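Take 0 as the starting number for the sequence shown in numbering that gives the first Met the number 0 and just add one per residue.
Mixed in with the good hints there might be a few duds.
Cβ-Cβ distance ranges computed for the label pairs, FRET-style [what the hints assert, rightly or not]:
1. 43 to 69: 21 to 31 Å
2. 3 to 32: 53 to 63 Å
3. 58 to 4: 52 to 62 Å
4. 41 to 72: 35 to 45 Å
5. 57 to 6: 27 to 37 Å
6. 76 to 6: 33 to 43 Å
7. 71 to 45: 19 to 29 Å
8. 8 to 69: 53 to 63 Å
9. 80 to 4: 48 to 58 Å
10. 67 to 1: 46 to 56 Å
11. 71 to 3: 36 to 46 Å
Hints listed in this document are in silico derivations from the structure and should not be mistaken for laboratory results.
Since this is a predicted model, take the numbers as computed values, not measurements.
Glycine residues also receive a C-beta, built at the ideal position from the N, C-alpha and C atoms.
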Amino acid sequence: MKRVIFMLTILSLSMTLIACSTSEKYDIVATMYTHYTISKEIVGDELSVTQLVPLGEGIHGFEASSQDMIDIENAKLFLYTSA
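Kindly generate the complete structure, drawing on both the sequences and the hints.
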């Protein structure tokens, strides 16, 4: 019985620590400002939205960093325009 209580305690502590992670996670990643503003208006505060290409920087010369690629991979939705 002590072993079961100990295991449940460890499990509950680990779940608490996992839930308290401070990593910033994006639900939606948008490449352009128009995608960003439209998605931000639609989802409001329900989801986190980030813009990949900074304002003022041209989309054609933009190169994604390794952190950008990780953010895209972890996003629930990636908005972009392809030609």
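Quiz item: Out of the numbered hints, which ones does the structure contradict?
Solution: 4, 5 and 8
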